[in-house]
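Assemble chain B onto chain A, guided by the hints.
Residue strings, one per chain:
Number of protein chains: 2
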Amino acid sequence: MKPTVTIEYCPKCNWMLRAAYMAQELLSTFADDVYGITLQPSETSGKYNIRVNEQVIFDRKEQGRFPEIKELKQLVRDVVAPEKPLGHSDKKAE
Amino acid sequence: MKPTVTIEYCPKCNWMLRAAYMAQELLSTFADDVYGITLQPSETSGKYNIRVNEQVIFDRKEQGRFPEIKELKQLVRDVVAPEKPLGHSDKKAE
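First to last, the sequence lines map onto chains A and B. Last residue of the first sequence: 94 in the working numbering, with the numbers rising by one and none dropped. Last residue of the second sequence: 94 in the working numbering, with the numbers rising by one and none dropped.
The shape of chain A in the complex, shown without the other chains:
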């Protein structure tokens, strides 16, 4: 079974649109590599984390910021499709 990416977001913080945008970015790149992307309203205020199956790959609380899309695609790629080239998103941020 292909992996599931979950974006857990705080609905009271009005982060649904942000989470849905990131889900669409991931789907546009990884449609063939994942089972699906789950948008999960969090019961914890201020939470925004992204998991591949059970593995947390980005946690807003730890990082003190939201992920950039390029960074997020690299993080997801490294787990779900390590050999997959990402084109422009493969260049390291400077």
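Keep in mind the hints are simulated off the structure, nothing from the lab. Since this is a predicted model, take the numbers as computed values, not measurements. Check before you lean on any hint, since a few could be wrong.
No distinction is drawn between identical chains; accordingly, a pair holds when it is met within one copy or between any pair of copies.
Calculated pairs, EDC-like style, for lysine to aspartate or glutamate (alpha carbon to alpha carbon, straight line, at most 20 Å) [stated by the list, open to error]:
#1 K84 - E62
#2 K2 - E54
#3 K47 - D33
#4 K2 - E68
#5 K12 - D32
#6 K47 - E83
This is chain B only, laid out in the frame that chain A set:
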């Protein structure tokens, strides 16, 4: 555990945006009632169906059309939160 709603869509048919739009409509209404909404790229061409856990509540192939949002919210509500009032979306379509 709260139920998961899954929208399985055909990515080759360019239905990702439609699926993501419907997911956001459902999240704006059912954030407290569901575990999450999963966007699942289908491996079957032309597929667009919506499930609550394993139960199919709408299948484009069967209906010959996409669901309307009001209708979709009623279908989801009837399974995940039967007592929940939906305001304007509760009026029967004529």
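Right, here's what the structure says about each hint:
1. Taking the closest pair of Cα atoms, K84 and E62 never come within 20 Å of each other, the shortest separation being 27 Å inside a single copy and 36 Å across copies.
2. Taking the shortest alpha-carbon separations for K2 and E54, both the intra-copy value of 13 Å and the inter-copy value of 17 Å come in at or below 20 Å.
3. Proximity of K47 and D33 under a CA criterion of 20 Å is satisfied inter-copy only: 18 Å between copies versus 26 Å inside one chain copy.
4. For the identical chains of this complex, K2 and E68 are neighbours neither inside a copy (24 Å) nor across copies (30 Å), given an alpha-carbon limit of 20 Å.
5. For the homomeric pair K12 and D32, the shortest alpha-carbon distance between copies (11 Å) is at most 20 Å, but the shortest distance inside one copy (32 Å) is not.
6. Taking CA atoms no more than 20 Å apart as the test, K47 paired with E83 passes in neither setting, with 31 Å inside one copy and 29 Å between copies.
The structure is inconsistent with the numbered hints 1, 4, 6, although it conforms to all the rest.
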